[in-house]
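> Fit chain B to the supplied structure of chain A, relying on the hints for placement.
Spelled out, the chains give:
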Amino acid sequence: MELISQYPLISSLLALASLGLVFGAILGFAAVRFKAEGNPIVDQINDLLPQTQCGQCGYPGCRPYAEAIAGGDLINKCPPGGEAGIQALADLLDQEVLPLDEEHGEEKVKAIAFIREDECIGCTKCIQACPVDAILGAAKQMHTVISSECTGCDLCLDPCPVDCIDMIPEEETLQSWHWPLPDPVDSSASIIATDVRNAQHRAA
Amino acid sequence: MRKLFTFHGGIHPPENKSQSLAQPIREAGIPSHLILPLSQHIGAPAKPVVTVGERVLKGQLLASARGTVSAAVHAPTSGVVEAIEDRQIAHPSGLTTMCIVLASDGKDEWITLAPTLNYLECQPEEIVARIQAAGIAGMGGAGFPTAAKVNTPPERKVETLIINGTECEPYITADDILMQERPQQIIAGVKILQHLLQPGETLIGIEDNKPEAIAALQTAAEGSDIEVVSFPTKYPSGGEKQLIEILTGKQVPSGGLPLDIGVICQNIGSVVAVEDAITLGQPLISRITTVTGEAVTSPGNFQVLLGTPMRFLLEQAGYLTEKNERLVMGGPMMGFAVPDLDVPIVKTTNCLLAPTPSELPNPAPAQACIRCGLCEQACPASLLPQQMFWFAQGKEFEKLEQHNLFDCIECGACSWVCPSNIPLVQYYRASKSEILFARQEHKKAEQSRIRFEARQQRLERGEAEKAAKRAARKQAAEQRARDTSATGQTGEDDPVQAAIDRAKAKKAAQQAAGSSSESEKQRLEDNVASIRQRLEKANQKLTQAEAENSEHVDALRSGVDKTRAKLEAAEQALAALSPGDKDKVEAEPPVDAAAAAIAKAMAARTAKAELDPAEQAKEKLRALELRLQKTRDRLTQSRSEDADEKVIEALEASIHRLQDKITTAKADLPTAEAD
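Chains A and B, in that order, give the protein sequences.
Number 58 in our numbering belongs to position 58 of the first sequence; there are no gaps in the numbering.
Here our numbering = 1-based position in the second sequence + 1000.
Simulated from the structure, these hints should not be mistaken for lab results.
On a predicted model such as this, the values are computed, not experimentally measured, just so you know.
You may find that some hints are simply not true.
Stretch-level coverage of chain B by chain A, calculated; a stretch enters the list once three of its residues show a Cβ under 8 angstroms from a Cβ in chain A [unchecked claim]: (1) 1090 to 1104; (2) 1450 to 1462; (3) 1559 to 1571.
Backbone N, C-alpha and C fix where the C-beta goes; we use that ideal spot for every residue, glycine too.
Pulled out of the complex, with its shape left as it was, chain A reads as follows (with noise of 0.2 angstroms):
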């Protein structure tokens, strides 16, 4: 005690060494108690991209992309997610955004693949090529694609050895069809509630 009476220095030393050994400790705990697991960018990158699987951006699927946007990679190698897709990784980033680069295809209609069933020779390799599964058949059995789980990826097309998969475009029906923007210059939109203020006054 007495020596550290006389010597304040000594005492002040103690007190920032101990500091930084306890805050040490709890830092040090807090790393192992807290560490986490992967890299969350690529979760949330992941969660942006289309997960068409189509692979048209070089990487063998959506995960790989993610994965190679987070170390540092272009966003802009993605056509099925389109300037919409580019736009929301922008955000995500806080990165310039980038036209899409037409090196890795352009943004299409979405299609499905549907095979023509009488052409099918039963061989098995849309299957092994179908990223998700999305194609039932046997070997020497007639394929089909399941329509709700096709990507439209294009990934069977080529392996075809008779070319009987069509890429056939989604129409709109009345499920998917939605109300387009106004037109601030045509101002011949079917909504009418703006009409009868007009028509009070009128009546006014």
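The following block gives chain B in isolation, referenced to the frame of chain A:
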């Protein structure tokens, strides 16, 4: 007097209801063709149960409900199913959907209806099933299947049953006229719902601009616990959430259902349909539709069959095509322009509005928002329309959701009050459907991701299994190798050794078997025969080789000689056995004949090698002469025995050869002696 509440905002557009109330409900009649969309309600489309060309009766089921949130479709009149195909329907998109087209036969022949039910004796499930079978969907405009709505879980107590007779939208009078003309039926229907839901209280809410309807219902409801409540007219008090707030003071939580606060709402039209279904057993095949606007000469309300083309209905009301620029389904606030006059009336068509261009002109061009805040004051859902307008323009969907876009009831009050003519509600509709679409896409993407990852895992598992198998095989092979080297056996791994072992075993077995003299003799004979055959073959080859002057002549020749020696040995052995000297045979087994011959030959060779070259040459000459002699003897013998041509030829050839050899040997002899 009941304490009434009010909701935020609201507007007072001109009502324009009197035009269509001048006449009582009229029958629209039976058109030649009826078009019945499979999806006239919210939820899954119905599933057709009839085939093209089938004759159906009025009230017959055409398409059954698919799941709980779905509604069946029935034939509105008797006739023949003409087609089941895509037809344009009354929808703002102008798209087509699957419809059943019915050609009516004009007989209007009813099917045998389900027996009437005394609902007081029925279980709730039975009533719900009957409502579902009748295909009733909310007739106020949204079209939510009624059966799904009234099928409340037992643990959810219904405190208030509200019958919505508000009909706040301008021009529409379908519910109003129904209340005026059929109050008894409405009250009967309400009693059925009361029995089904057992609510704490039952209210019929009507705006005070319908005094006749209020009076009629009050008379009809006398003596019951049904309360008819009137409240000040304000648009949109007919909205479900708004009406609940007016009558109970409670607000439906955002994103929730009225049932969450113990309330169920039913439209007047739906109540009438329920009454028809339970007490008469009639499915929903017609409805009351208001036809109004300045472009019809005789506006009014019509009892119209579902599926009736709009053109047919309009003609009943004296439609003036040239005066009407666009036809609106629904009211002027929430309705939409129909793409074509031939689209059908459906369960949700409460009004056809055929205005002249001056009555309902095209909206003026939108101008910039001046931030006046009128829209905020008009919004019945207490939202911030002006703020949401910016977000909608910038497609900031996340912000829109944070501003409770999905609480918007699309009533159009904001657009109506906007001094800049901005079609605000249109922005919200577009944003809503885009968000819903994005959600749907995201859900699908999620599904794809799961399937992709599952596939990756499966492939990896397969690879791992293969690798494990390979490793196991490799390990087993190594283990075997180690075991073998440890025991010092070459084991089964060496196929050559194995073959040798097999041959040895066979030989041993043969020897063991060959103990009896009979089999011994047989064996020797076989042996002789086979050696003779071999000799013949060898001779043939030799002859051929000699004829061709082949290099192998010498080798073949020595082969022939050896075989001949073997043959002689075998013959000797056979001869020895033949006299019956068993011991001799056993002492000199023919198996060793070849070995003995080899030993003799070896001995002869060693003896030869010991002689000097001259002696060797002489010896060779002697041997050759001996062989020549022998061969000649055999030749003579063969000839006398009439032996095979070939044998004789071979013998002659060998005699020639021996003679040549003797000549050479004789020539060599002096040289050898000189050495």
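> Each of the hints needs a verdict: does it hold here or not?
Results of checking the hints against the structure:
no.: 1; hint: 1090 to 1104; verdict: holds (count 5)
no.: 2; hint: 1450 to 1462; verdict: holds (count 6)
no.: 3; hint: 1559 to 1571; verdict: violated (count 0)
In this structure, only the earlier hint numbered 3 is contradicted, and the remaining ones agree with it.
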